[in-house]
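**Q** Read off the chains here:
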Amino acid sequence: MSKNHLELINLRKVFGGVVAVDDLNLSVRRGTITSIIGPNGAGKTTIFNLITGYLKPSGGIIKYDGRAVNGKKPYRVAALGIARTFQNVQIFSDMTVLENVMVGRHLRSHSGLLRSSLLPPFFRKEEKKISCDAEKWLSFVGMAEEAGRSAGSLPLGSQRMLETARALAMEPNLLLFDEPASGLNARETVAMGELISKIKEMGITVVLVEHDMELVMDISDTVSVINFGKHIARGTPAEVQVNPDVITAYLGE
Amino acid sequence: MDSGGGFTDLLQFIFMGLQRGSIYALVAMGFNIIYNATGIINFAQGEFVVLGGLMMVTLTMGFTFSIPFAFLITVLFVMAVGILMERFTINPVKNPTVLRLIIITIAVSIILEGSAMILWGKESHYMRHFSSDETFEILGATILPQTLWIIGILILIVIGFMLFFNFTMTGKCMRACAINRDAARLMGINDRKMVMLSFALSAGIGAVAGIIITPIIQMDFGRGTMLAIKGFGTAVVGGLGNSLGGLVAGILLGVIEALGAGYISSHYMDAIALLILLIVLFIRPSGIFGSSEASKLKEF
Amino acid sequence: MGRQDYIGLCVFFAVVLTIPFLITNDYYISVLVFAAFNCLACIGLSLLLGYAGQISIGHAAFVGVGAYASGYLTVEMGWSPWMAMGAGVVLVVLIALLIGVPALRLKGHYLAMATFGFGTILYIVAVAAVDFTGGPAGLSDIPAISLFGLVLDTDKRFFYFSWAIVGIGLYFGLNLIHSRVGRGLRAIHGSEDAAESVGVDTPFYKIQIFVLSAVYSSIAGSLYAYYVNYIDPGPFSMMHSVLLLTMVAVGGMHKVWGAVIGAILLSLLPEFLSFLTESFQAVGLEYNEDYNTLIHGSILLLIMLFLPEGLIDGLGRLAGGVGGMINIKRHQDSAGT
Amino acid sequence: MKRRFLCAAVSVVVLLLASNLYAEPKEYRVGAFFSVTGKFASLLGEPERNSVKMIEQQINDAGGINGHKLVLFVEDTQGDNTRAVNAVKKLVKKNKVCAIVGPSRSGSSMAALKEAQKAEIPMISCAASEKIVMPAAERKWIFKTPQKDSDAVRRIYDHMTKNGIKDIGIISGTTGFGNAGRNQLKLIAGEYGIKIVADETYGPSDTDMTAQLVKIRNAGAKAVVNWSIVPAQSIVPKNMRQLKMTIQLYQSHGFGNVKYAKAAGVAAEGIIFPAGRLLAVNTLSDDNPQKALLLDYKTKYEAKYNETASTFGGHAYDAIWLVINALKEVGDDPAKIRDHIEKARFVGTGGIFQFSAEDHNGLDKTAFEMITVKNGEFVVLED
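Chains as they are written, first to last, in the numbering used here: chain S, 637 to 889; chain D, 2 to 301; chain W, 190 to 526; chain V, 169 to 551.
Chain S with its partners taken away, still in its complex shape (with noise of 0.2 Å):
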């Protein structure tokens, strides 16, 4: 097993004329949390969407546990265990909170379409253990309170929170937040920050793109700033905290 749980080699992406992420290279050792910063526009978002299959990349390789994991698409990756969260809430607002948890457990769990339709939930066991296991997770994010509620009717914050539950579901060894405190308030964020430790000392190994500083100071290991694609600074986040390119790029010349 490598150290390196994720490492991104060269890659690249161009959108028509504009390069978005331009001969980037970075890693992602096992069982840390990892931010990526950078101003907006930087193209944070579209290294996630590259690493989970949203995009192809235009050149380069992305290495997941060694093994080349690039062009497959996002459901693949999601089976090698690379679970993501979305920067504008992705959840399933039609079903109830529980059921989108039980989504996550998809990759858990077996019954096809014919088996699916024979026998109706009450009668099937591997339905009673979704739904068991969906409940300790939504527990542990804290809203065991909320599973009958409609998905749709949750505050952003606890939307947030569900939707960390639902990755977690799938008990990935990568999980990539997208901007998780974006919309939440102080007190939330906090939480927020408080869950992604938990996260990281069950083993999982953890990125994450944010804007506040405070929570990425907070809890990461290892920051990495990016701006206009390119890799500019690495480091904890007390050597980055005084990194002249850092601070150029934020503050311009």
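Since the hints were made in silico from the structure, they are not lab data.
Check each hint, because a few of them may be wrong.
[To be verified] Capping the alpha-carbon separation at 20 Å, the derived lysine to aspartate or glutamate pairs in EDC-like fashion look like this: (1) D:K95 with D:D183; (2) V:K286 with W:D330; (3) S:K692 with W:D330; (4) W:K345 with V:E288.
[Stated by the list, open to error] Facing chain S, a subset of chain W residues (Cβ under 7 Å, in silico): (5) R375; (6) D382; (7) E385; (8) V387.
[To be verified] Far from chain D by the CB rule (all over 10 Å, computed), these chain W residues: (9) L206; (10) N214; (11) Y216; (12) V264; (13) M302; (14) V340; (15) T343; (16) K345; (17) I354; (18) F464; (19) L483; (20) P497.
Idealized CB from N, CA, C, for every residue including glycine.
Based on these hints, arrange chains D, W and V on the given structure of chain S.
**A** Showing chains D, W and V alone in chain S's frame:
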């Protein structure tokens, strides 16, 4: 009287295709105007054509109005129908979903069709040609003067709309709404008014299509559905929302149908055009001229 | 959760069992038999449309394939009705795969157009391929189907048979939506990106449900052929596809029950209209059948304008009273943001 | 709001009661079903409905049939097969009719006839296709009044043979009617030594047949036969004129309304088609056995409905009279009515019917007159 050989036939089929295609193009244009303003596919579009044709028949054959005067009245009448439709069935909808709006337009088309049946009866109505109905020959192929009227009016309308959308304030506002409704609203454009205008315009275009085609094909209450289907297909092939694309696709489909009927098999004529449509969709989901992002926008 | 669906299913079977005792006139029984065909096709369509969020304006073509496979194989090849129905299902699966794989990559209006175009092509083939389909003259003398030696050639027998199949279809459908696969489908409808992020193989799921809903339609078509004993292209035209779609939307497309309600109500609507005609005429009022088209359109329009979630939710809301209304309103408001 | 709803509910109940109270024991109940509002067939259904309604009133004004009131139940099939099947069931099981007239279309007739057979109620179709009553032994309860397609074809081929036409092109609509005609044209051509050099079709809502006609022209046809219902019947002659085709155009007996000829204008001049004598009643000689009846129907219909009488209305007229005549003789027992019709000899608008156990149509090719269009009017073609 013997056939003038392969070229003459080809020319004959092309003339036939141009005449069909012009009508498809006009119907597609009506679809596109409303689609751009609202994201709705208005399946009542075909009924505008029918109403236009039938009204024109009544005015010219019943009241013996002169053609230009009747033309004007008819277009205004159908535009009024379009405005009423928008006011009473589209405007009040608070939480629109695409499917709901589609079914509303289908319901309106049933109502319009039923009204036409009651008002004009079930038989098919005929109308005299704008000018002579004597054909003349071009390189051995025959063509009706009315076909030239159709093509001429189509060109005028296209030019008219290009000028309208590019050089008038209202036209520019409509384009802005089509590109980004929220942004347009923030800029102070009255988007509700633009939606109403789009229904008026596309009803007007439908009326024109009905007026110019009726002398050739006659008109009855039941023709709307087929026209809507063909027009929608045309709009999709041309790229939904792309007026120029709709124009080219309309002519193309018309000519392909005519050639298909002429050279392959009249039994499968409609299937040939649809097959091409499917192939276009599968290879280029956004239509020949559409942008690929547009096809991802709307969901049910 | 979901348990009320199964209670509903029991009520459904109880109602089906008692109806022939309440309605003694075979004519109404036969109206309900036709409603059953629509019901079956609509359940399939609602799985596709309401749960997986994929539109199809070509489902009447699948009904047609089932009907024609049954008609051709029994009349021309002498197959038994059951085998012909099975062959129809196999054929529909193949056709659905052929059209579904490329079409389901499309979305929204483009998917609508693709299914529509495909449906129309099949209709044109049914009209033009005279050697197989009999063309516009159709196929006659299709035999009746029999079950355990009992020939289903009376209205009552066919009523039980067809509604039992609807019940089975309903049972499968309800199980499906409360399962892993069903959640996957609803997830696709909710957010395709999010569904893929948790590992739902969206193309595979879409094609599966497309095929399944086509199979529902195919069986409905076969039943039609065995009941009427005659088929021609008319009932499988695009107008019928649109009608099926309308039934699902009117009933409420986010619930399988909505499809059932919508299919029954719209199947009964012509009866209601003709009842209206008769009643007006009976009291000496001048009333023309021509107005029925207008009334049909108006009813559709009013439902879509005032009960947008469909009858099943709409009526539930009315029944639930003001309190329920506020609840749903709040729900909608927050969902809209 | 609530009160209005209540009013509506009450009036619906009253209506319901009223419609049921209508049932008197001594009336004769007859059913009819036509495509009154269908898209492509309402042109058939409307005159059919009007005709039977007219007769109902006429009979009842004259005191009914042997003192029994005639009660007619009319259903609208909208041209839809499912509705047609339901209509027969409704007429039989709800309205308890003793005989049924209709439907308008061949497809609907094929779909519905099983129900009539099963219920053992005579059904007299107003649709063209011969398959409806063939073989008569199996279609025990089914009759039809329109003339046979094959006879129409024979009359056309007779005329062609007389004029030395051998190579023809045929063009037909993809409707039940067009398709049945197309089959007969192909089937019988051999008997007359006629060669079909081109066989084209078009959809019922198609509006331009130029391409098909060009193909027929190029195939070297010496005449064209068009087999369809409206509006194609006016478009084909127009298209031919547009293409400057001068070969003879024959149409089917579906060209049964002078309106269609008017719609085609000058292009319709000289079209030849077989038809019942109703269309050219004014040019018939006075000793024609049908003339008095045709004139009577035509004047009454046109006075009542203010539109030209068509052959379609005539088919329903013949059908309802067949039933009424039977009712007069044998009462309202369906089996007796059937037996009576099967032996009936009857002068109708469609011709002089002679039914038999082998022939449930009762007409031969003498039912047709070859008719042509002259100065926008139908006239009998002089040989």
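**Q** Kindly indicate which numbered hints from before are broken by the structure, ordering the numbers from low to high.
**A** 3, 13, 19 and 20
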